[in-house]
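Model the full structure from these sequences, guided by the hints.
Number of protein chains: 2
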Amino acid sequence: MNQYAKPLNKLISELSKLPGIGGKTAQRLAFHILSMDRKGADALADSIRDARDKMKYCSVCGNLTDEDPCGMCRDPKRRDDVICVVESPRDVAAMERIKEFKGRYHVLHGAISPMEGIGPDDINLKSLIIRLQNEDIKEVIIATNPTIEGEATAMYIAKLIKPSGIKVTRIAHGVPVGGDLDFADEITLLKAMEGRREL
Amino acid sequence: MNQYAKPLNKLISELSKLPGIGGKTAQRLAFHILSMDRKGADALADSIRDARDKMKYCSVCGNLTDEDPCGMCRDPKRRDDVICVVESPRDVAAMERIKEFKGRYHVLHGAISPMEGIGPDDINLKSLIIRLQNEDIKEVIIATNPTIEGEATAMYIAKLIKPSGIKVTRIAHGVPVGGDLDFADEITLLKAMEGRREL
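Chains as they are written, first to last, in the numbering used here: chain G, 20 to 218; chain Y, 20 to 218.
Just so you know, the hints here were simulated from the structure itself, not pulled from any lab data. Hints are supplied without guarantee of correctness; some may be wrong.
Identical chains share a label here; the pair holds if one copy fits it or two copies do between them.
Dumping the calculated BS3-like pairs for lysine-lysine here, alpha-carbon to alpha-carbon at most 25 Å [said to hold, decoys possible]:
1) Lys25 with Lys58
2) Lys43 with Lys181
3) Lys118 with Lys29
4) Lys145 with Lys181
5) Lys186 with Lys145
6) Lys25 with Lys96
7) Lys75 with Lys25
8) Lys121 with Lys25
9) Lys29 with Lys75
10) Lys43 with Lys118
11) Lys43 with Lys73
12) Lys25 with Lys73
13) Lys43 with Lys75
14) Lys25 with Lys118
15) Lys157 with Lys96
Below, the structure is given as structure tokens:
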């Protein structure tokens, strides 16, 4: 990588630190950046600094936001009595894309994983319990990932909340729409059978 | 893309302007940037601005550089009597990786392409002719790409230089090392046959 002049090498090395960006891609991106007009390059650099400076976590739900509380927590059009619990801000975005859920969110920033030494205190869980005590919540929908960690977290939260009488639900597992039964792994198929509904 | 707060949306949209970076990848990169410490994000933003500000073209060979003339034009250990003509700074880097060529370079910044309206005056060719008049050059190696445009450019340059008595050579075309004859296209195979050498 030392064939180029210092500023270009530096740019290539910074770009290749990004996930999924290898040496060749970093080079291609760097040359593209050099070919951009000054305004374009500045806009990119500014957006990086800006996002890093302005984005923070909402003190209510834990989602990424530039205002506190975040837009979704402040939105008067959303239902106050349902909270959807997810692992990450990207999951909030995924949920929002289906344009169906109109309640509030709670972002855990991770999942319980004894293997990696991540316990209930290491994720954004305490604030969820405080919300449940202070707000008038009727249902908690647990939408953690369908992984071992996500399942364990769902179980843990369900156990924790149930005594309070609040309804706790888990999103359905099953065969993805448009998928092929043949390609579904056994556990997914098992869950799909377990979760079958009368037509 | 409007599920996120403004600075994050802006970052995602700026990133997805880069070549080969789609919406999903831009999101993944943006979240990674948010998870970086401030120093890391600043280093990335600075490297973009720096590269854009400091990199320029060498007034001698046309290669990208932060000093003028560039390191390779100033290097006293390189031969002065051979010039390798390439289309782009990336081709210089590719050549340098083989660690074989120890002469000078000349970067055309493109190739002649009548289809796209790019003529001899639109590439960095005039300065090559001036170099050939002023410097004591014995050989010009034309290493433009093995494309129609690259070939046309090679032919044009060869015709232009030959009357001066300077040796003009073209890099060999043939079957790539490690490749499979079966996968080679017909023109490559034809060139490989034409360029055969006695063992």
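Each hint tested on the structure:
1. Lys25 with Lys58: Both, since 22 Å and 19 Å are each at most 25 Å.
2. Lys43 with Lys181: Neither. Shortest intra-copy (52 Å) and inter-copy (37 Å) distances fail the 25 Å Cα cut-off.
3. Lys118 with Lys29: between (42 Å within a copy, 22 Å between copies)
4. Lys145 with Lys181: Answer is within: at 15 Å inside a copy they meet the 25 Å cutoff, but 80 Å across does not.
5. Lys186 with Lys145: The answer is within: 18 Å in one copy meets 25 Å, while 78 Å across copies does not.
6. Lys25 with Lys96: between (53 Å within a copy, 20 Å between copies)
7. Lys75 with Lys25: Close across copies (12 Å), not inside one copy (34 Å); limit 25 Å.
8. Lys121 with Lys25: between (51 Å within a copy, 21 Å between copies)
9. Lys29 with Lys75: Between copies only: 15 Å across chains, 28 Å inside a chain, cut-off 25 Å.
10. Lys43 with Lys118: Cα proximity of Lys43 and Lys118: across copies only (19 Å, versus 38 Å in one copy).
11. Lys43 with Lys73: For Lys43 and Lys73, the Cα distance is within 25 Å only across copies (22 Å; inside one copy 31 Å).
12. Lys25 with Lys73: Between copies, since 9 Å is at most 25 Å while 30 Å is not.
13. Lys43 with Lys75: between (33 Å within a copy, 21 Å between copies)
14. Lys25 with Lys118: For Lys25 and Lys118, the Cα distance is within 25 Å only across copies (19 Å; inside one copy 48 Å).
15. Lys157 with Lys96: Answer is within: at 17 Å inside a copy they meet the 25 Å cutoff, but 78 Å across does not.
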